[in-house]
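Please work from the sequences and hints to get the whole structure.
Protein chains in written order, with this note's numbering: chain Z, 1 to 83; chain P, 1 to 529.
In case anyone wonders, no lab produced these hints; they're calculated from the structure.
All of these numbers come straight from a predicted model, not from anything done at the bench.
Just so you know, even glycine gets a beta-carbon here, dropped at the ideal spot from N, CA and C.
Worth double-checking, as some hints may not be accurate.
[Claimed, not checked] These stretches of chain Z come out as covered by chain P in the derived footprint (C-beta under 8 Å, 3 or more residues):
hint	stretch
1	38–50
2	55–69
3	74–81
Given next are the chains, with one letter for each unit.
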Amino acid sequence: MACRPRPGDPKVRMNGNTDSNSRKPLSRWWRWLLVLPFIALLWVPFYNSVEPTLGGFPFFYWYQLLWLPITSALIIFLYYWSE
Amino acid sequence: MNWVAIIVFVILFGLVTIVGFMAAHWRRGDLDLLNEWGLAGRRFGTVITWFLLGGDLYTAYTFVAVPALVFGAGAIGFFAVPYTIMIYPLVFLILPRMWSVAHRHNYITASDFILGRYGNRSLALAVAVTGIVATMPYIALQLLGLQVVIGAMGIGTSGGLAGDLPLIIAFVILAAFTYTSGLRAPAMIAIIKDTLIYITVLAMVIVIPIELGGYGKLFSAIPANKLILPSPTGNSLGLYSAYATLALGSAFALFLYPHSVTGVLSSSSRHVIRRNAAYLNAYSLMLGLLALTGFMALAMGIDKMPEFAPQFAQYKANFAVPALILHAFPDWFAGVAFAAIGIGALVPAAIMSIAAANLFTRNIYLPFIRPDCTPRQEAQNAKIVSLVVKLGALVFIIFLPLQYAIQLQLLGGVWISQIIPAVILGLYTRWLNPWALMAGWLAGLITGTVMVASTGFQSATYALPLGALIVPGYAALYSLVVNFAVAIVLSAVLNPVAGTRGSDETAPGDYHFEPAPAAEAPTPVSATA
Numbered sequence: 001m002a003c004r005p006r007p008g009d010p011k012v013r014m015n016g017n018t019d020s021n022s023r024k025p026l027s028r029w030w031r032w033l034l035v036l037p038f039i040a041l042l043w044v045p046f047y048n049s050v051e052p053t054l055g056g057f058p059f060f061y062w063y064q065l066l067w068l069p070i071t072s073a074l075i076i077f078l079y080y081w082s083e
Numbered sequence: 001m002n003w004v005a006i007i008v009f010v011i012l013f014g015l016v017t018i019v020g021f022m023a024a025h026w027r028r029g030d031l032d033l034l035n036e037w038g039l040a041g042r043r044f045g046t047v048i049t050w051f052l053l054g055g056d057l058y059t060a061y062t063f064v065a066v067p068a069l070v071f072g073a074g075a076i077g078f079f080a081v082p083y084t085i086m087i088y089p090l091v092f093l094i095l096p097r098m099w100s101v102a103h104r105h106n107y108i109t110a111s112d113f114i115l116g117r118y119g120n121r122s123l124a125l126a127v128a129v130t131g132i133v134a135t136m137p138y139i140a141l142q143l144l145g146l147q148v149v150i151g152a153m154g155i156g157t158s159g160g161l162a163g164d165l166p167l168i169i170a171f172v173i174l175a176a177f178t179y180t181s182g183l184r185a186p187a188m189i190a191i192i193k194d195t196l197i198y199i200t201v202l203a204m205v206i207v208i209p210i211e212l213g214g215y216g217k218l219f220s221a222i223p224a225n226k227l228i229l230p231s232p233t234g235n236s237l238g239l240y241s242a243y244a245t246l247a248l249g250s251a252f253a254l255f256l257y258p259h260s261v262t263g264v265l266s267s268s269s270r271h272v273i274r275r276n277a278a279y280l281n282a283y284s285l286m287l288g289l290l291a292l293t294g295f296m297a298l299a300m301g302i303d304k305m306p307e308f309a310p311q312f313a314q315y316k317a318n319f320a321v322p323a324l325i326l327h328a329f330p331d332w333f334a335g336v337a338f339a340a341i342g343i344g345a346l347v348p349a350a351i352m353s354i355a356a357a358n359l360f361t362r363n364i365y366l367p368f369i370r371p372d373c374t375p376r377q378e379a380q381n382a383k384i385v386s387l388v389v390k391l392g393a394l395v396f397i398i399f400l401p402l403q404y405a406i407q408l409q410l411l412g413g414v415w416i417s418q419i420i421p422a423v424i425l426g427l428y429t430r431w432l433n434p435w436a437l438m439a440g441w442l443a444g445l446i447t448g449t450v451m452v453a454s455t456g457f458q459s460a461t462y463a464l465p466l467g468a469l470i471v472p473g474y475a476a477l478y479s480l481v482v483n484f485a486v487a488i489v490l491s492a493v494l495n496p497v498a499g500t501r502g503s504d505e506t507a508p509g510d511y512h513f514e515p516a517p518a519a520e521a522p523t524p525v526s527a528t529a
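Written out as structure tokens, the structure reads:
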């Protein structure tokens with residue numbers, strides 16, 4: 001897993017310095033990504049159903065559990081690419 | 001009596017006791033100072049903080065009560081999952097600011113921060129008292145978790161003081177190692193506790209569905225009104241709004257509990273908190289799986305099994321998980337699982353009593369009772385208060401009806417939410433007037449308490465009429481809206497009045513403060529590549 005920005009990554013601008021502490025962080029606007037789990041989980045009618053099931057799990061359960069890794073991934077992305 | 005389980009339980013408990021006392025020597029510091037005893041010198045790195053906060057937030061009571069709620073009420077009990085998902089974006093964004101300002105000014109509690117930020121002793125006192133009052137019943141419920149597993153091993157079902165003896169022994173152990181080792185003890189024990197809990201939960205979610213014939217069979221055995229939330233009928237939003245507001249309101253409240261603040265402030269850097277915002281989710285996954293064990297108990301009809309009848313009569317739905325463990329596993333593993341839950345009660349109970357002791361000492365004793373006391377007297381006082389707090393919880397759980405502790409904990413969640421405007425907004429802006437925040441806090445407390453009282457203290461969801469629509473929702477969130485409204489309106493009124501705004505010892509840069517970047521600044525390429 002690469003945890004540091006790569007110079008080729010268009011989202012990250014390196015300011016000619018390889019010292020990781022002095023690279024330009026991602027715009028603060030990227031933090032708004034963290035609104036996604038709130039939208040996804042607070043609108044209950046969206047996921048309150050049995051179908052489609054996954055491995056026997058009703059949608060209600062696997063959908064909400066799925067947001068665990070998604071939220072973690074969002075936070076990891078923001079942590080390693082933004083500060 | 002289940003002797004095999006009892007022996008395994010006692011051995012693991014003995015191990016934890018030894019670790020608890022040894023912890024005093026770990027990363028040695030001067031335990032006669034509150035910063036060392038109550039925050040372990042703020043030296044915990046990512047891994048220890050992960051275990052500590054995991055052990056702290058996902059408590060024994062959670063492990064008993066969440067599956068019990070799913071067992072009794074169905075899908076609504078699963079709100080614990082969205083709740084513990086939504087916490088972490090908040091942790092990631094907000095708590096590094098709290099860590100920084102606390103580190104910069106040596107704040108040990110949220111109330112310390114309030115005093116520094118607003119220069120208002122009354123508001124700081126209100127925050128401290130709210131924290132202590134909300135924590136006490138929470139500690140009592142940890143002891144309940146312990147009581148249920150002790151009962152599951154066949155001890156104490158006869159009632160009487162002899163039945164409470166194991167609980168008292170466990171309590172004495174807890175009190176002794178907290179006194180000598182401070183926060184280091186629960187941090188070290190949390191590593192054992194979490195390992196045991198993970199093993200237990202994994203075993204349950206693998207072994208029991210096999211017995212039931214797979215997850216498909218498990219879910220098809222659940223009645224439709226419990227499997228998912230029943231659709232709202234008439235002009236009420238029913239369980240839909242209750243589910244969403246419970247999840248959101250609980251997420252806002254959790255990190256204001258004193259024990260969470262203590263856990264967060266004991267970490268060694270902002271980065272530790274930010275990383276843990278991503279990694280603590282692993283506990284939420286475990287909690288989600290554990291919630292489903294409530295359905296397993298339901299599918300098996302565990303409460304109908306005659307061998308568990310006496311305990312179900314005593315502990316009600318809270319016995320669902322212990323009964324499931326007894327039914328599905330050999331005795332020795334039941335001992336391991338019960339030890340996991342029992343030790344799972346000790347860790348948060350220790351941290352909660354330390355947090356309450358920090359609050360009382362720093363924000364009530366020091367400013368109002370003994371302003372001249374030395375740092376050593378301060379730490380000594382905190383150690384004694386931690387004993388008093390735990391003793392109070394023990395008396396509570398032994399002598400008062402269980403229902404009181406549960407209802408008070410319900411109210412505690414509503415009350416602790418009322419410090420959100422002062423603490424969380426205070427991390428971002430100084431515009432709100434301390435007296436307005438005080439009025440908002442009071443208005444929120446009253447509104448929330450009245451709402452919960454209107455349900456006969458049975459539920460924290462209040463059916464709010466909005467025009468023709470009825471929106472049942474978490475009273476903490478509703479009263480928080482009142483709190484905010486009062487705080488904002490009164491701030492606009494009071495701010496022009498000279499002398500009401502108080503002082504502010506913090507500077508904008510303090511909220512991003514990061515000491516000695518070389519010490520904790522991550523070099524994650526080598527660490528995680």
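For this structure, which hints from the list above don't hold up?
none
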